[in-house]
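Colleague: Join the two chains, each given in its own frame, into one complex according to the hints.
Spelled out, the chains give:
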Amino acid sequence: MKKWIFAVCLTALLPLLPACQSHEEEPTLDDPQYLEFAGRLTPETGFYTKAPSDASVEGQPGDIISIELTESGFYVIGRISDLLGNIEYKAGRYSISDGAYVLNGYGRLLFDHQTAGNIDVTVIPNRGATQIVRALLTKAKDTNPVYRTWVIQKTRVTTKGWTTVSAEFEGCDFQEIADFLRSNSHKVPSEVPERKLISLSFTGTESVILVYDDNSADMGSFSLSGDVFSYFWQEDWMKRAMGFTFETDEAIIEYVDGKCVLTINGRIRNSTTSGSVTFLLRPYD
Amino acid sequence: MKRLTSLLCLAVVLLVAQPAGAQHMSLGLGGGTDGVGAELGVALGGHVHLRAGFGMATGLVDITLKNFSVPEHPGLPTGNQVKVPLNVRMGTRTGRLLFNIHPGRGSFYFALGAYVGSPCLFRGTFSELPDDYNTAGFDVDGYLVKASRGELEASVEASGLGPQGFAVKPYAGIGFGRAVCNRKNKEVSFCLDLGVQYQGKPGLWADGTSISGRTKHVQLSDEVLGEFAGKINEYTRYMAFWPSLNFHVHIQLF
Chain A
1 MKKWIFAVCL
11 TALLPLLPAC
21 QSHEEEPTLD
31 DPQYLEFAGR
41 LTPETGFYTK
51 APSDASVEGQ
61 PGDIISIELT
71 ESGFYVIGRI
81 SDLLGNIEYK
91 AGRYSISDGA
101 YVLNGYGRLL
111 FDHQTAGNID
121 VTVIPNRGAT
131 QIVRALLTKA
141 KDTNPVYRTW
151 VIQKTRVTTK
161 GWTTVSAEFE
171 GCDFQEIADF
181 LRSNSHKVPS
191 EVPERKLISL
201 SFTGTESVIL
211 VYDDNSADMG
221 SFSLSGDVFS
231 YFWQEDWMKR
241 AMGFTFETDE
251 AIIEYVDGKC
261 VLTINGRIRN
271 STTSGSVTFL
281 LRPYD
Chain B
1001 MKRLTSLLCL
1011 AVVLLVAQPA
1021 GAQHMSLGLG
1031 GGTDGVGAEL
1041 GVALGGHVHL
1051 RAGFGMATGL
1061 VDITLKNFSV
1071 PEHPGLPTGN
1081 QVKVPLNVRM
1091 GTRTGRLLFN
1101 IHPGRGSFYF
1111 ALGAYVGSPC
1121 LFRGTFSELP
1131 DDYNTAGFDV
1141 DGYLVKASRG
1151 ELEASVEASG
1161 LGPQGFAVKP
1171 YAGIGFGRAV
1181 CNRKNKEVSF
1191 CLDLGVQYQG
1201 KPGLWADGTS
1211 ISGRTKHVQL
1221 SDEVLGEFAG
1231 KINEYTRYMA
1241 FWPSLNFHVH
1251 IQLF
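Chains as they are written, first to last, in our numbering: chain A, 1 to 285; chain B, 1001 to 1254.
Treat the hints as calculated values from the structure; they're not laboratory data. Any given hint could be a false lead.
To be verified - From the derived model, a few chain A residues whose C-beta atoms are all more than 12 Å from chain B:
(1) Q60
(2) G62
(3) R93
(4) I96
(5) T122
(6) P125
(7) P145
(8) F174
(9) E206
(10) G266
What the hints assert, rightly or not - Listed next, the in silico DSSO-like pairs over lysine-lysine satisfying Cα-Cα at most 30 Å (straight line):
(11) K187(A) x K1231(B)
(12) K1083(B) x K187(A)
(13) K160(A) x K1216(B)
(14) K1083(B) x K160(A)
(15) K187(A) x K160(A)
(16) K1231(B) x K160(A)
Unchecked claim - Now the stretches of chain B that chain A is said to cover, found in silico as 3 or more residues with beta-carbon under 8 Å:
(17) 1063–1075
(18) 1130–1139
(19) 1211–1218
Think of the CB as a built atom: it goes at the ideal place given N, C-alpha and C, for glycine as much as any other residue.
Only chain B is shown next, with the shape it has when bound in the complex (with noise of 0.2 Å):
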C-alpha cells in the first residue's frame, strides 16, 4: 500500500512539477513482460518524453507442475523422493520512470531509466508436502521456514540496486512510437518498448518465524539451502539481465 502511495504522489509530482514547455501529456495504458499497467507521458521538449507508470503481473500467469520431486525428509536430499504439486505464479508489481530519447524527428527512441517496487518475480507454492515439513525447514538467522499444512510458499526476488525489500532495477532499451503526440489533432500513440532490466542475480525468499513467534521475511541463501542450492541456481544464475518487452496506447490528455 505504500508503495502504491508513493508511486501515486510520484504521479502527482509529474503533473504538477512539469516543466513550463511541456504542455502536453498523455496516459498510457498497456501490457507486456511487466504484466498489465497504466504510465503518464510528459514531453520535455521535442527529443526527449518522460514516462512514469506501474506494472502489475500478479495473478496473470498460474502454473501448476503436478509432479515436482522433493525428498520425503528434509534433512535427507539423497533419500526417498516423492511427487508433489508445485504452483508458480507471477509476482510483478513495479513502477517505472523511464526517458525515451529520440535522436531524430522520428518515432525511433532509445529509452533510459529504473523500474521500482517490489522485488518479487515468481510465488511459488509447493503442496500435499509429508508430515516432516511441517516440523522442519530451513532456519534463517533464527527464523524458521517451514511448512504449515502441508503448503510451503517461497518467492524469487531480486532487488537490482535497491535495498532489500524494494527494487531498483536499472532499464535500458529501445522502442518505436512516441509516448506524447508532437503532431496536432492526433490523439493517440503508441510505444513498444524492448529492453533489459538489470535485477542482480535472483534469491529465493519466504517468511520465516522465529521461536518466539516473529516472522520475518528472509532469504535463503546457499549456505541454508546446502544440497538444494545447486538446482536452483541452474536457473537464477541466467536472470541478472531481465528482458522487457511492452506494449502502450497513449490517449493525449491535453
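With the rest of the complex left out, here is chain A (with noise of 0.2 Å):
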C-alpha cells in the first residue's frame, strides 16, 4: 500500500517539473491600409528615368524624379535639388479619394493603379497648372508582411571597444546616440544631425524610405532572401542623414509579438567601432 501511495506522489510531483517553453506562433500582420494603391511612379517625358538612389541623374533642379506610394498611405517625392543632380525627398501622408490619390502638401493624383507600366498621369498640384505625365508606375511582384510603414519604438547600440556595452533608446535620436557614443570613449563623427528617425517604410517596389521628425526622408532600395534584407543608400546621404554609415549592407529582420526587429551588424565606416544596431519596429497601421 505504502508503494502505491509513494508511486502516486511521485506521479504529483511531476506537474512540477519545468516544462518546455512552447514556440509561441507568430501573429500575423493585418494588411495595411492602402496595400493594392501602393506603388512607385518614375516619370518619363521630361524627367530622369534613373533608380531613384542612383544620384547622378539628367534633369533640372525642381524635376520629379519619383513618387513612391507606400502600403501604409505614405508617399515621398524625389526631386532633383540642384544643379549636380542631387536629390531631395519629402514625405507625407496620402489618401484615395473619388479615385485620386491626395498628397498632403502636394495636390492630387489621378492615374489607373491597377496596371503596371507606362501610364498617363494627371498631375493637379496645390500650386500651378494641371498637367498630364507619362511615367512608369512599378507595383509590387509580391507581398511580404515586411511591406509597410514601421514606427521605431527603440534602438538598441551593442559597441565594442574596451567591453562590449549595448545601450537602448527610446525611438531613434541621432545626438543622443552620438553623446552616449561619445561619452563612452567612442569615435563619432562631430557632425551628427539634429534629428530624429521617424520610421522606416519597406515598400513592395523594394524601396526602403526612412522619414524623419523634420519631414524630410531618405531613400534607398533593398531585397529580401529568407530573413536577410540587404540594403542599399547613397553614402553622401547617409553620412548626411545619420553622420555615420555602416560598412555592412545587410540586415536581419525577424518578428517578436506582433514588432519587427532589425539588426544591422557591422563597423561604422571610418571608425574603430563595430557592433550593431537593432530597431524595434512597430506596424504603423
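Modeller: Listed below in C-alpha cells is the structure:
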C-alpha cells in the first residue's frame, strides 16, 4: 500500500518539473491600409528615369524623379535639388478620394493604379497648373509582411571597445546616440545632425524609406532573401542624414510579438567602432 | 512557490513512504550557514537516519558597502570611477536530503546527500549609479541587463550538478548527535553538521530585457563582462566547494 502512495506522490510531483518552453506562433499582421494603391511612379517625359538611389541623374533642379506611394499611406516625392543632380526627398501622407490620390501638402494624382507599366498621370498640384505626364508605374511583385511603414519604438546600440556595452534608447535620436557613444570613448563623426528617425517604410517595389521628424526623408533600395535584408543607399546622403554609415549592407529581420526587429551588424565606416544597431519597429497600421 | 510545494510533497513522501521498520520520526529546528530551517528525521534501522528539510537565509545577512567603485561610463572601465553603495544580502533557499550514517553505536556520523533548490547564494544591489547605467548595460543574447532609476540588481548563483535555474549540490560531511533518539523516554536530541557542498564555480546572474520587452534571467559570462570578469573571478574561483556548519535540535514526534 505504501508503495502505491509513494508512486502517487511521485506522479503528483511531475507537474512541478519545468515545462518545455512552447514556441509561440508568429502573429499574423493585418494588411496595410493602402496595399492595393501602393507603387512607384517614375515620370518619363522631360524627367529622369533612373533608379531613385542613383544620384548621378540628368534633369533640372525641381524636376520630380519619383513618387513612391507606400502600402501604409505615405508618399515620398524625390526631386532634383541642385545642378549637381543631388536628390531631395519629401514625405507626407496620402489618401484616396473619388479615385484620386490626395497627397497632403502637394496635390492630387489621377491614374489607373491597377496596371503596372507606362501610364498617363494627371497631376493637379496645390499650386501651379494641371498637367498630364507619362510615367512608369511599378507595382509590387509579391506580398510580404515587411512591406509597410514601421514606427521606430526603440533603438539598441551595441558597441565593442574596452568592453562590449549595449545601450537602449526610446525612438532614434542621432544626437542622443552619438553623445552616448562619445562619452563611452567611441569615435563618432563630429557633425551628427540634430534630427530623429521616426519611421522606416519597406515597399513592395523594394524601396526603403527613412522619414525624419522634420518630414524630410531619404530613400534607398533593398532586397529580401529569407530573413536577410540587403540594402543599398548612397553613402553621401547616409552620412548627411545620420552622420555615419555602416560598412555592411545586410541586416536581419525577425518578427517578435507582432513587431519587427531589424538588426544591422557591422563596423561604422571610417571608425574603429564595431557592433550592432537593432530597431524595434511597430507597424504603423 | 513550486519549489516549496515540491519540498512539502517530499516531506509527505517521507511521511507516507517510510520503511516498515522506521517506527520513529523527529522534527528538527535550527540554523547555520544554510540559514534557519526545519527538517524531518527518520531512522532507517540502527545506523542510518534520513533527514529531509529546508533552510532559508534570505534576509538574514544584509550588508551595505558604501564606497564601491564603478566606472562613470559603463563602456569605459578604465575611465573615471565613482563611488556608489552596494547592498549585499544572503539569498540561499534550499532543501536538503541527507543520510546520517553512524558507524558505531555512538553519536558520531558521516553525512551524505544533496542540497536542492534555488541556486542563489547572494543578491547584490547597486544604487545611485550614474545616468549612463540607466541607458546602457550588458547584452546577453539580445537581453539587456541595465539599471533602472540608478539601481541594478544581480545575484551570485551556482547550480552544482543541477540544470540551469535549479541547484543540485552533492554534500559530504561529518556530524555529531542523532536525528532520531534511540533511547526510550528521550524526546530531544541534536545534530551538529560540518561539511561541504559541491556547487561548481558560481556565476553572476541578473534579469535582462529584450528589445521587445521580454524578460529573462541571464548569466553574465566572462565574455559578456569583459574587463569586469577578472575582478569577479578573484572571488568566485574559491567558491566551488561551499562549507556548511549547521545545528538542529530534534524533537521526537513518535
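Colleague: So is T122(A) really clear of chain B, every C-beta pair being over 12 Å apart?
Modeller: Since the minimum Cβ distance to chain B is about 44 Å, T122(A) lies beyond 12 Å and the statement holds.
Colleague: Would you mind confirming whether the straight-line C-alpha gap from K1231(B) to K160(A) stays at or under 30 Å?
Modeller: Holds: K1231(B) and K160(A) sit about 20 Å apart, inside 30 Å.
Colleague: Does F174(A) sit more than 12 Å from chain B, CB to CB?
Modeller: It holds; F174(A) is separated from chain B by about 15 Å at its closest Cβ, greater than 12 Å.
Colleague: Tell me if the straight-line CA distance from K187(A) to K1231(B) falls inside 30 Å.
Modeller: 27 Å, holds
Colleague: Regarding the assertion that I96(A) does not contact chain B, is the least Cβ-Cβ distance greater than 12 Å?
Modeller: The claim stands: I96(A) keeps its Cβ more than 12 Å from every Cβ of chain B (closest is about 33 Å).
Colleague: With d taken as the least Cβ-Cβ distance between P125(A) and chain B, does d exceed 12 Å?
Modeller: 42 Å, holds
Colleague: Please check whether the beta-carbon of Q60(A) is more than 12 Å away from every beta-carbon in chain B.
Modeller: 45 Å, holds
Colleague: Could you grab the alpha-carbon distance between K160(A) and K1216(B) and see if it respects the 30 Å cut-off?
Modeller: 23 Å, holds
Colleague: Would the non-interface assignment of R93(A) survive a Cβ cutoff of 12 Å against chain B?
Modeller: 27 Å, holds
Colleague: Has the stretch 1211–1218 of chain B got at least three residues whose CB is nearer than 8 Å to a CB belonging to chain A?
Modeller: holds (count 4)
Colleague: For E206(A), is the shortest beta carbon distance to chain B beyond 12 Å?
Modeller: Correct as stated: the minimum Cβ-Cβ distance to chain B is 25 Å, above 12 Å.
Colleague: Against chain A, does the stretch 1130–1139 of chain B show at least 3 residues with beta-carbon separation below 8 Å?
Modeller: Contact hint for the stretch 1130–1139 of chain B vs chain A: holds, 6 residues under 8 Å.
Violated hints: none; the structure is consistent with every hint.
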